[in-house]
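What follows is each chain in one-letter form.
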Amino acid sequence: MFDQRIYLDNCVTTQPAPEVLAAMQPFLTEEFWYPASFVSTGERINAVLDEFRSIMAKTINAQAAEIHFTSGGTLANNIAIKGLISANGSPGSHIICSVVDYPDLLTNAAYFENRGFEVTYLAADGEAYVSPDELRKAIRPDTILFMATAANHVVGTIQPLAEYGKILADADHKIYFHVDAGQAYAKMKLDVIELGIDTMAVSGHKIHAPQGVGFLFVNKGTKVGQVIHGVRRIDNLQTGGISVALIAGLARATEMIFSDLDRQIDHLYNLSQYLLYRLESSIDHIELNGARERRRAGHNINVSIDYIEGEAIAMMLDLEGITVATGSACASQGLQPNYILMAIGKNHVQSHGSIKFTLSRYTTREQIDRVVEKLVAITRELRSRSPLYQALLSKER
Amino acid sequence: MQYSQKVLDHFRHPRNVGKMDNPDAYATEGSPACGDQVTVYIKVNKETQTIDDISFLSYGCASNIATASIITDLAKGKTLEEAKNITWRDAMEALDGLPPVKVHCSALAADTLQSAISNYEIAHGLKEVPDFTKQTIIDELKKIIYPKVGEDIVTLKMVKYVGFTNGEVMIDLNIPSFDHWCDNVADEIREHLQKYPDVKDIQINFP
Chain A
161 MFDQRIYLDN
171 CVTTQPAPEV
181 LAAMQPFLTE
191 EFWYPASFVS
201 TGERINAVLD
211 EFRSIMAKTI
221 NAQAAEIHFT
231 SGGTLANNIA
241 IKGLISANGS
251 PGSHIICSVV
261 DYPDLLTNAA
271 YFENRGFEVT
281 YLAADGEAYV
291 SPDELRKAIR
301 PDTILFMATA
311 ANHVVGTIQP
321 LAEYGKILAD
331 ADHKIYFHVD
341 AGQAYAKMKL
351 DVIELGIDTM
361 AVSGHKIHAP
371 QGVGFLFVNK
381 GTKVGQVIHG
391 VRRIDNLQTG
401 GISVALIAGL
411 ARATEMIFSD
421 LDRQIDHLYN
431 LSQYLLYRLE
441 SSIDHIELNG
451 ARERRRAGHN
461 INVSIDYIEG
471 EAIAMMLDLE
481 GITVATGSAC
491 ASQGLQPNYI
501 LMAIGKNHVQ
511 SHGSIKFTLS
521 RYTTREQIDR
531 VVEKLVAITR
541 ELRSRSPLYQ
551 ALLSKER
Chain B
50 MQYSQKVLDH
60 FRHPRNVGKM
70 DNPDAYATEG
80 SPACGDQVTV
90 YIKVNKETQT
100 IDDISFLSYG
110 CASNIATASI
120 ITDLAKGKTL
130 EEAKNITWRD
140 AMEALDGLPP
150 VKVHCSALAA
160 DTLQSAISNY
170 EIAHGLKEVP
180 DFTKQTIIDE
190 LKKIIYPKVG
200 EDIVTLKMVK
210 YVGFTNGEVM
220 IDLNIPSFDH
230 WCDNVADEIR
240 EHLQKYPDVK
250 DIQINFP
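Chains A and B, in that order, give the protein sequences. Residues in the first sequence are numbered consecutively from 161, following this note's numbering. Residues in the second sequence are numbered consecutively from 50, following this note's numbering.
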């Protein structure tokens, strides 16, 4: 059933690359050990972990010692945010984030708000872009932390990290800068020195590594309080066990993509632009959500198709062997429209009719052609059933 | 959460779908803002008072389309009196069940059918436009589904008090305000009551 499936929900998870699975294999079989001192088995793992840390560090212009492996992006975000705040703030301190941040950041902000911290949620414009001016205006003498989502998880909008970093550096006191790079890492260049980032969370399974692994960058000298207490095995921030095999997979996936990052970026950009062109030229009453061209992450296209509902569209595509996502309330567990689309001024109908396509290195032009062909037919069919579209036709007549 | 094979079948191959030319009556319920809207058209045989033809249009999710499809199937060929007894429970049963969060779709489909019948009766002098009373509010509340369990809020005894004076509707609900579904239920109630010209203001209170 899933052999020929076209999977365009790569912002949620991606297919592990065959090279990645091969790189994991030794650590699931003959080299199954954990780090230790003065014994060859443990020292061997120490050595490979050091190597993996250097591989990750190079991709963001960091030092190996600044890389902390975690069991995923959400854990990395939690360790950084809770750790930064516990080490550098106290109830009453001020935190800044934005209304279009990833849930990892927003749920943490709400957690601290409930515990007496003050939070400013920066507004976004109609394209989900959070202007540096908004940040500049929100800074207060008691601000301790600013959190940003490098590329929006719903509409792909890229935020101006460099400008944020400069504003924070120019502030008259230290404000920590935490970045969630879940949708940005390996989709664009991220230089933590140039951008002035203190902590940054990355998820492995968004970049063809397996699920259950990620890493956290912590700038040398940045104080991050202990959040996970326990025995130290792999890392001092996420104590306890982390799978060495999964870390090996993450390192291999990273090498694979960063060996020709520019080409990978162009591949995604060209394909997504082609998808958008095909959609806009084959379906009327369709609207792009988020920014155009290079101002959005190359793997993301999010559109609203007027007069029909997203869950029905996604299910019909699913029956054709195509996986996409929708921002429709009907497809959500809470029957609520997508909060990002609502925050950027879209109405309920636009959110209900939104479809998100997220591409990967394995997506082909032929797949895009097939998706557009099926979507055109599905749109026609659902509109023939829609009272809203029929009313429009009557008006046009 | 998964749909039954029957829901999928009615979603993929809806019966009686499409706009009807010259219907004897029709009704539209729901709103695009709430994510679902259904129109039901009927043609009635004047002598036998049977629904000879019926069709629907649906803006909504798969279960919205499927429930509208099944409701037209259930009503087709029935007398008006028989069709008036068709409820959202019948629609649900005929579809082999719905996930709890989707039960409100069957309520909307049944509601639209009943409104179309009512509109027919009013247009053909079979009944007067009913007065808006407290009972109207209670009847509307019986169509509001609590999405967590897929049952209506009256049956679940979630309605503590209903008041109606000078165009003001006052409803006390027995759902804690921290309940995840609070806003959803309140929105649904407003949507159901706002269409009545007699209603000027709606107040919904949670403990």
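Just so you know, these hints were derived from the structure itself, not from any lab. Ideal Cβ positions, reconstructed from N, Cα and C, are used throughout, including at glycine. Hints should not be assumed to be uniformly reliable.
Stated by the list, open to error - When the alpha-carbon atoms are kept at most 27 Å apart in a straight line, the in silico DSSO-like pairs for lysine-lysine are as follows: (1) A:K555 - B:K68; (2) A:K383 - A:K534; (3) B:K55 - A:K534; (4) A:K534 - B:K68; (5) B:K244 - B:K133; (6) B:K55 - A:K555; (7) A:K334 - A:K349; (8) A:K555 - B:K92.
Said to hold, decoys possible - Listed next, the stretches of chain B that the computed footprint assigns to chain A, with coverage defined by at least 3 CB atoms under 8 Å from CB atoms of chain A: (9) 60–73; (10) 101–109; (11) 196–210.
Results for each hint:
1. A C-alpha spacing of about 14 Å is found between K555 (chain A) and K68 (chain B), which places the hinted pair at or below 27 Å, so the restraint holds.
2. Restraint check: the Cα-Cα separation between K383 (chain A) and K534 (chain A) comes to about 52 Å, which exceeds 27 Å; the hinted pair is violated.
3. This hinted pair checks out: K55 (chain B) and K534 (chain A) have alpha carbons roughly 23 Å apart, not beyond 27 Å.
4. With a C-alpha separation of about 24 Å, the suggested pairing of K534 (chain A) with K68 (chain B) holds against the 27 Å cut-off.
5. With a C-alpha separation of about 21 Å, the suggested pairing of K244 (chain B) with K133 (chain B) holds against the 27 Å cut-off.
6. The hinted pair formed by K55 (chain B) and K555 (chain A) fails the criterion: a straight-line CA distance of about 35 Å is larger than 27 Å.
7. Among the hinted pairs, K334 (chain A) with K349 (chain A) is consistent with the structure: their alpha-carbon atoms are about 25 Å apart, no more than 27 Å.
8. At roughly 24 Å between alpha-carbon atoms, K555 (chain A) and K92 (chain B) fall within 27 Å of each other, so this suggested pair holds.
9. Beta-carbon proximity to chain A at under 8 Å applies to 6 residues in the segment 60–73 of chain B; the threshold of 3 is reached and the given coverage holds.
10. Under a criterion of three residues with beta carbons nearer than 8 Å to beta carbons of chain A, the stated coverage of the segment 101–109 of chain B is upheld, 4 such residues being counted.
11. Closer than 8 Å: that is the beta-carbon criterion, and the segment 196–210 of chain B has 1 residues meeting it against chain A, so the requirement of 3 is violated.
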